[in-house]
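**Q** Hey, can you work out the whole structure from these sequences and the hints?
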Amino acid sequence: MKVELRDPNKIMKLSRLGSFHQSKLSFLRSFLNEFKEWEYKRDLFNLNENGFGEAVYSFKKNKRVYSLVCFANEIKDEERSDRVIATKWDAAFTLHDGVPAKKDIERLKNEVPKQEVGRLSYKELTLSRANKSVRIYNHVVESLSNGQQPDLNLLSKVGYLYRTTAVYGSGKFGLADRFRIKNREEINGPFRLEMMLVYLVRQFTFDQVNHVAYHKNPKTAVKLDDNICKNLGIGNSTGLGMAPFIVNHPTLLNNWILSREKALKKIREIKKAKSQDSDLFIDCVKKSLRNITSWNTDSEYQQKKISSLLKDVEKFLNFINKDFNFDIEYPFNKIYQWLEENTCEECIEYIVSIMMEPYDNIVNPLVKEMSSDEEKYFNIPTHRKVEELCNIIEAKYPNILDINFEEKENNKNFWFISKNKEEPRLADRFEEHGSEFEQPLAIARDIKKLYDKLLVSKNSLTIAEFLTLNSDLRHVVRRAFIVEKFPYSEIQDNTIGKDLMPIDMLRLKLSFFGALKFDPRSDKWLRICMFQGAPLPNELKSYDEQWVYKTNI
Amino acid sequence: MKSLSEIETTVKRASKAAGYSWGVSEETGKSIRLLELFSLPGIKHLNEYFNQKNKSKFENLNLISKNNSSSNNSYCPITLGVSFLDQINVLENSKKIEFKNVAYPIIFISFISRSSEIIGKKIYVEMDEKKILLNLNVNISSNFINQDFPKLANTIEVNLLENEDNFTDDEWNNLYKLSEETFVEESDSLKEGAAGAGLTDND
Chain A
419 MKVELRDPNK IMKLSRLGSF HQSKLSFLRS FLNEFKEWEY KRDLFNLNEN
469 GFGEAVYSFK KNKRVYSLVC FANEIKDEER SDRVIATKWD AAFTLHDGVP
519 AKKDIERLKN EVPKQEVGRL SYKELTLSRA NKSVRIYNHV VESLSNGQQP
569 DLNLLSKVGY LYRTTAVYGS GKFGLADRFR IKNREEINGP FRLEMMLVYL
619 VRQFTFDQVN HVAYHKNPKT AVKLDDNICK NLGIGNSTGL GMAPFIVNHP
669 TLLNNWILSR EKALKKIREI KKAKSQDSDL FIDCVKKSLR NITSWNTDSE
719 YQQKKISSLL KDVEKFLNFI NKDFNFDIEY PFNKIYQWLE ENTCEECIEY
769 IVSIMMEPYD NIVNPLVKEM SSDEEKYFNI PTHRKVEELC NIIEAKYPNI
819 LDINFEEKEN NKNFWFISKN KEEPRLADRF EEHGSEFEQP LAIARDIKKL
869 YDKLLVSKNS LTIAEFLTLN SDLRHVVRRA FIVEKFPYSE IQDNTIGKDL
919 MPIDMLRLKL SFFGALKFDP RSDKWLRICM FQGAPLPNEL KSYDEQWVYK
969 TNI
Chain B
6 MKSLSEIETT VKRASKAAGY SWGVSEETGK SIRLLELFSL PGIKHLNEYF
56 NQKNKSKFEN LNLISKNNSS SNNSYCPITL GVSFLDQINV LENSKKIEFK
106 NVAYPIIFIS FISRSSEIIG KKIYVEMDEK KILLNLNVNI SSNFINQDFP
156 KLANTIEVNL LENEDNFTDD EWNNLYKLSE ETFVEESDSL KEGAAGAGLT
206 DND
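Note that the protein sequences, when read in sequence, are chains A and B.
Each residue of the first sequence is one higher than the one before, starting from 419 at the first, in this note's numbering.
Each residue of the second sequence is one higher than the one before, starting from 6 at the first, in this note's numbering.
Source of the hints: derived by calculation from the structure; they are not laboratory data.
Do not rely on the hints blindly, as some may be mistaken.
Stated by the list, open to error - Just a few of them, taken from the derived set where beta-carbon distance is under 10 Å, the chain B residues facing chain A: (1) F43; (2) N94; (3) L165; (4) L166.
To be verified - Stretches of chain B that chain A covers, calculated by requiring three or more beta carbons in the stretch to come under 8 Å of a beta carbon on chain A: (5) 8-20; (6) 25-32.
Quantities reported herein were computed from a predicted structural model and do not represent experimental measurements.
Note that beta-carbon positions come from the ideal geometry of N, C-alpha and C, so glycine has one too.
**A** So this is what it looks like as structure tokens:
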């Protein structure tokens, strides 16, 4: 039986993309898989009794070394902010390519804590900073220094000791350009070095908290239990910065979604499921309920989503227990069809993610297809004709063409870059100034504009001729030719309408990162947790691949 | 040192601010990135051009022909470059294209380099007395690499080269003969067994 890939016009809607969950394809899981054989080491740990100073952690294999250089700083409580406008953080980090010399550490000490206003070099690969969850951190220090393990109830409400507020890579602030390292096999997967940074930062937070607790009371202090460490991750506060990324990297977005879609298609095409595979699948769904029930958020929007997710997952388990037999042919196809008919988008995508768990043979080759050589698709095929472009738009953007952008509510917002922080922002074009500097992120509106122009142009005109008169539409002409080859490269929704939920765009990206427990703090930023439940560095050589579903605090 | 990614992003935004569309600004970002990758003064010349653009007029050439001459104002290298890139498939039929009076020609050169990759042909450029070879966008070689690039080219002659060998038949044959010394003469038994198909490969 041949199953078709799902229709991009359905899957690439924001409400669906905003319902995606982590899976075996997620970058943090594929990072762990790739680096599990590497030698992990803490090379330097030079902190004072209050936990301030430098530390270096590394992963090494053969002659290749990646080193996380950490700088823990003393800041006042009032200086601590998760917003991108902050200028000081509890700790700042960079991933250095190789072993940093003393000279490098001195140089980095001056630059890394400054973050966006510092300058890095081609020897550095990623840059980040993080703030303590002060309430949790202080409680853990206090408990450990008194010889006790911390209160698990309190820890479970947050899930981490520190949260990062930005992770930069790919040439930002002087960091190495991607092309310098793109041929390294171990990083042939998106955001792998960003994942490495976050993973090593997690270990630093445990080492630091143990160190501070010990110095507070050397006689009674105990170390944070390994099992508790394992169940703590690294938090992350994420704002609108992520949203333009998925619009600005269409072929990369396509490759992420296409890998997911191919995995689902191949799983639905499995004629007979082995019992150990179906057992593993159901076990993961059941165990994952804990992730849903321990998902804390004050957001009413998210609470509703969690509640319908929980209700539908329970309904699904009930269906599996009472009405389903894995001995039938094409069992996962049947399950998928049932999900589409009986559950919400959040639940469909949740179960789709878990379907991948038993199938390393399907998923692992797809992990290697998730990068993109974007330069290859940049040039516009200007020899092609207006008629062809018209046909592409009609075939690939049918719902977009139905939107009436003359209506105020469909044209309400504009994306701009803040002068203060050089970060993307969203504002009401009818209430705020600055729409003349609108970023080219209103793809739906501009595609519609392009289509209207094409309709009144001669079909036989070449694109080169069309562009001489319509330079303002060049950016969307390029995109239309990209979507012709890459069906999942475009969000099939209006990114400037009144009803836009920007966090849907953030969630899409974060789900591919492997984030858990999305906690929207508004419609424009959210907190998440990464690596919660993941093996510690010294456990990497042999770990439970389904750790995501087995967190127990 | 600025990364190429920073260069591309900043050039794209600056070009938009200088009055170009987002699509053209994206092209300019790619082109200046390329010049800087090859250690050519892309940022320097773009900066000077944008400063000049505020004070002087430049001519936009949208449709390129065999001979292109701007009598009053010099050509804008960005519009010219984008037009060249867009029309390269048609221009490929002309062996030689001439431009007179081009401002900041190094910027234009970056677009010709990208065009060379699109058509899969080397492009040889004579810019006044200077010679430049654009090798399929893999590199740019010239006879004035250490000199300042001019701010204005009176004449630019663009020659689209056919894909031909750079060497004589004799040179090739001599080398090929030498390479044959690594081959093994096949005996009857090798002919039969070494390729796996026996003496006949007919189905």
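**Q** Is the coverage entry for the region 25-32 of chain B by chain A consistent with the three-residue Cβ rule at 8 Å?
**A** This one holds; 7 residues, not fewer than the three required, reach chain A with a Cβ under 8 Å.
**Q** Cut-off 8 Å, C-beta pairs, minimum 3 residues; does the coverage of the region 8-20 of chain B by chain A stand?
**A** Held - the region 8-20 of chain B has 5 residues with a Cβ nearer than 8 Å to chain A, which meets the minimum of three.
**Q** Would you check whether B/N94 satisfies its interface hint, that is, whether its CB is within less than 10 Å of any CB in chain A?
**A** holds (4 Å)
**Q** Against chain A, with CB atoms and a cut of 10 Å, does the hint on B/F43 hold up?
**A** Constraint on B/F43 not satisfied, violated at 13 Å.
**Q** Tell me if B/L165 is really an interface residue toward chain A, meaning its C-beta lies closer than 10 Å to one of theirs.
**A** violated (16 Å)
**Q** Could you check if B/L166 really has its C-beta closer than 10 Å to a C-beta on chain A?
**A** Where the cut-off is 10 Å and the nearest Cβ of chain A is about 20 Å from B/L166, the hint is violated.
Hints 1, 3 and 4 from the earlier list are contradicted by this structure; the remaining hints agree with it.
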